[in-house]
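*Asks:* These are the residues of each chain, in order.
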Amino acid sequence: MREERSDMSEDEDGGGGVEQKERWGPSHGGGGGGCGSAKSRGGVWTDPPPPFSDQVLENVLENVLQFLVCRRDRNAASLVCRSWYRAEAQTRGELFIGNCYAVSPRRATDRFRRVRSVVLKGKPRFADFSLVPLGWGAHFSPWASAMATAYPWLERICLKRMSIADYDLSLLAFSFPFFKDLTLICCDGFGTLGLAVIAEKCRHLRVLDLIEAYLEEEEEDEVVDWVSKFPQTTTSLETLGFDCVVSTVNFEALEALVARSPALRQLRVNHHVTVDQLFRLMVRAPQLTHLGTGSFGHPAALALQGDVMEHDADLVSAFAASKSIVSLSGFRDVASQYLPAIYPVCANLTTLNCSFAEITADELKPVIHHCHNLQKFWVLDTVRDEGLQAVAATCKDLRELRVFPLNATEDSEGFVSDVGLAAISQGCRRLRSILYFCQQMTNKAVITMSKNCQELVVFRLCIMGRHLPDHLTKEPMDEGFGAIVMNCKKLTRLAVSGLLTDKAFGYIGKYGKSIRTLSVAFAGDSDVGLRYVLEGCPKLQKLEIRDSPFGDPALLSGIHQYYNMRFLWMNSCKLSIRGCNDVAQRLPRLIVEVIRDRPEADDETVEKLYMYRSLAGPRNDAPPFVMIL
Amino acid sequence: MATGSLAGEKDERSLGFQETELRLGLPGGGSGGEGDVGKNSGKRAFAETIDLKLKLQAAGDTKDMAAALKMKRSPSQMSIAASATDPEKPPAPKAQVVGWPPVRSHRRSMLAVQSEKPSKEDGERPAGSLAAFVKVSVDGAPYLRKVDLKMYRSYQELSMALQKMFSSFTSVSSSCGSRGTNGGDSMNEGKLVDLITGSEFVSTYEDKDGDWMLVGDVPWEMFVESCKRLRLMKGSEAVGLAPRGMEKCKNRS
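So the protein sequences, as listed, match chains A and B.
Just so we're aligned: the first sequence equals residues 1 to 629 in this note's numbering.
Just so we're aligned: the second sequence equals residues 1 to 253 in this note's numbering.
Derived from the structure by calculation, the hints contain no laboratory data.
All C-beta atoms in this analysis are idealised placements derived from N, C-alpha and C, irrespective of residue type, glycine included.
Treat the hints with care, as some may be off.
[Unchecked claim] Calculated pairs, DSBU-like style, for lysine-lysine (alpha carbon to alpha carbon, straight line, at most 35 Å):
no.	chain 1	residue 1	chain 2	residue 2
1	B	Lys-150	A	Lys-201
2	A	Lys-376	B	Lys-208
3	B	Lys-150	A	Lys-365
4	A	Lys-229	B	Lys-150
5	A	Lys-503	A	Lys-451
6	B	Lys-135	A	Lys-474
7	B	Lys-234	A	Lys-376
8	A	Lys-451	A	Lys-365
9	A	Lys-513	B	Lys-146
10	B	Lys-135	B	Lys-146
11	B	Lys-135	A	Lys-229
[Said to hold, decoys possible] Per label pair, the in silico range of CB-to-CB distance:
no.	chain 1	residue 1	chain 2	residue 2	range
12	B	Lys-208	A	Ala-622	32 to 38 Å
13	B	Lys-208	A	Pro-366	53 to 59 Å
14	B	Glu-225	A	Ala-253	30 to 36 Å
15	A	Gln-585	B	Ser-154	42 to 48 Å
16	B	Phe-133	A	Thr-473	53 to 59 Å
17	B	Glu-221	A	Gly-617	48 to 54 Å
18	A	Ala-259	B	Lys-208	51 to 57 Å
19	B	Met-222	A	Lys-510	25 to 31 Å
20	A	Ala-622	B	Phe-133	49 to 55 Å
21	A	Lys-510	B	Ser-154	53 to 59 Å
22	A	Lys-513	B	Glu-221	31 to 37 Å
23	A	Thr-149	B	Met-222	51 to 57 Å
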């Protein structure tokens, strides 16, 4: 959980980046040599201004534009005229590419020459749920190579859902002498060897943050001791996060590293680090602000010994001494008697992530009771409605809540319900973002939340059983979601579930004018549902749909919209090759990928569709199971 | 990158299956020939083993069934009607759908990893869902898949899911599969057949000891605990597994 990295969260605003969405339209042939936008406005200037004043203007402009940080503002500035376009391109320091296939690395590096920070996103989000076969793409290699030559001053790279090889990490380490910040979110393909090279070669490294990365499986003898590879002198490390790394790390090396990293503020260890080891680390780093606690328990063998009591007292004092902690996570094997150790920091906590800890309401209550300043809370549903009621009673400033299911199967028991949701809506009026997994929900509770929580920007409700109606009235969940889009005027991201008819989509199309990201699963009756959305939601950027009865007519109804969007994903709907071909022909700058399970030519049905606008044309690294129309 | 894992698969392929003329046969050299793979009588010497045969429907059947189901039922849901064609079996439990509920694989596997340790002082095992992700490869298929074995409750459910995932490379053969002597979980008609060569697939898995076993040898729960990787092998390569499976069974019981 990264408060600062709002640009990488799922809830960030879409659009922008290299594509300028106002320029996209079916009638435009697309830009010529450059990125097209300024040139197509070239006709406005009948007399070109004298070159001298042009240069002066650009110099002045560059100095001014340095201060422009927001990429949308920058995109707008680049459209003013050629001069502004150039000045902006020279001064853009952070390059954000929302879809790595939307533009070629070469084109991006040609336009933006002085980039210090790159953010790059790859696979569609449904890849997280095993819907995209292994080997689909989003390889970092071509970008790594392009940047290695183009941006020797590069300081920061942030990747999300990219496939990265150890070799790529090695290339980074050797190509960028000033490299400071590597953040990898939901990436795969690399292992401890890549980490070792980064640790060893990036002498100015400040941030190494692995968030939900899938490291390659390595045998015991393949695992590299990367923690030992950091420079032996005082390091400049500020953030070290490896809670997702499955293999053990050399603890002595880690402890020594922490001891010689006075700038360290954020440390997230993996579940192999026991509570005793955590204590030792905390003693070395009382200045920490963000702590990922690892297991927060003992390995079974130690637990049987009698020395548990000593550790309790030590642990409490360690937390008491860590006056700066504002964020806690980990708790992977939490032994409940250790939880009270965190009381000294609870009052300062703004973020608490115990979503891997199977704690009950009774175990949660004494902890949450102290957390008056909590803004972000991630928890497992084992705390039940009762636990959520306790949260609602104390955490008046809560902005983000995520309730994950212990048993993520559609017929699991489900520990939270509409009761918990209603309680949260009563108590946490400033709520902006919610992700809630449950098995029972009512329209009434959702409507209540829509009225109480006017600040909602993200509403993601997952009723795990498919097609489940309101469990009291047995009606579809249309009214509940309708109320959300109607009442929550700031809503930009919505995920729906439960039994939904086309009526729900009618509401979304009618009221969801700010919606940028929409996730649909097992919903709707007919093509009309999707039409409502495509015709009604002008700000739509990302649309992901699965298992819903939408077919070619619905797909075609969105032709006017697709160049404005980052992508559309549809799997297990009613699409056919003909419909997809139709779209591909009408929109030449749209890449239409059909991911096939059946390569037979005469099979009309499209199992998986992924479409996205692109300046780069069809990619050349598509695996055999991807057909680009 | 995916190529890494594919390369790994190729290495495993060379483990002990060097010669293509070796055939799956009874211990002690019984009947040979690839043709025997199709006949259940020669294949297994032990009555208690269950052969995993994937039941496939022709593409047309799938469409008909999908149409027959309610409008709201989605194509990706496993067809419950599949079990309806076999009157001997009780109705199949609702098969799990891939990627639903939408919890990241990362989270599923993290919860699984930590659940392997006893996490409560009083020795209570948490009632956790233990994900068991294994890679599945089919010889000749260009890509791997990962499946969570905990999503399924029987060999039959697993076979249905695999069938769905890899149906492009296989088709059902009309050979008469035997019902097997074990009434337990699945015995399906038909065998998985490679479209190109016409040779049949045999389902195998790598267990915790690194040995390759035939799927179906052991009770389902034991299989889930011990399976590390699944591979649908060409029949010609699945040699020498049967005896080992037998020995392991004996060693365990």
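*Asks:* State, for the Cβ atoms of Met-222(B) and Lys-510(A), whether the hinted interval 25 to 31 Å holds or is violated.
*Replies:* violated, 55 Å
*Asks:* Are Thr-149(A) and Met-222(B) spaced within 51 to 57 Å by their CB atoms?
*Replies:* holds, 55 Å
*Asks:* If you check the beta carbons of Phe-133(B) and Thr-473(A), does the distance land in 53 to 59 Å?
*Replies:* Once the Cβ atoms are compared, 39 Å apart, the range 53 to 59 Å for Thr-473(A) and Phe-133(B) is violated.
*Asks:* Do the alpha carbons of Lys-503(A) and Lys-451(A) lie within 35 Å of each other, as the hint requires?
*Replies:* holds, 20 Å
*Asks:* Within 35 Å, alpha carbon to alpha carbon, are Lys-135(B) and Lys-146(B)?
*Replies:* OK: Lys-135(B) and Lys-146(B) at ~4 Å, within 35 Å.
*Asks:* For the pair supplied as a hint, Lys-234(B) and Lys-376(A), is the alpha-carbon distance within the 35 Å limit?
*Replies:* violated, 52 Å
*Asks:* Note whether the CB distance of Gln-585(A) and Ser-154(B) lies within 42 to 48 Å or breaks it.
*Replies:* holds, 46 Å
*Asks:* For the pair supplied as a hint, Lys-376(A) and Lys-208(B), is the alpha-carbon distance within the 35 Å limit?
*Replies:* violated, 40 Å
*Asks:* So if I understand the rule, the pair passes when the alpha-carbon distance is 35 Å or less; does Lys-135(B) with Lys-474(A) pass?
*Replies:* violated, 40 Å
*Asks:* Hint check: Lys-229(A) vs Lys-150(B), CA-CA at most 35 Å. Holds or violated?
*Replies:* violated, 38 Å
*Asks:* Determine whether the Cβ-Cβ distance between Lys-510(A) and Ser-154(B) falls within the hinted range of 53 to 59 Å.
*Replies:* violated, 46 Å
*Asks:* Quick one: are Glu-225(B) and Ala-253(A) within 30 to 36 Å, going by C-beta?
*Replies:* holds, 34 Å
Going down the numbered hints, you'll see the structure goes against 1, 2, 4, 6, 7, 9, 13, 16, 18, 19, 20, 21, 22, while the others check out.
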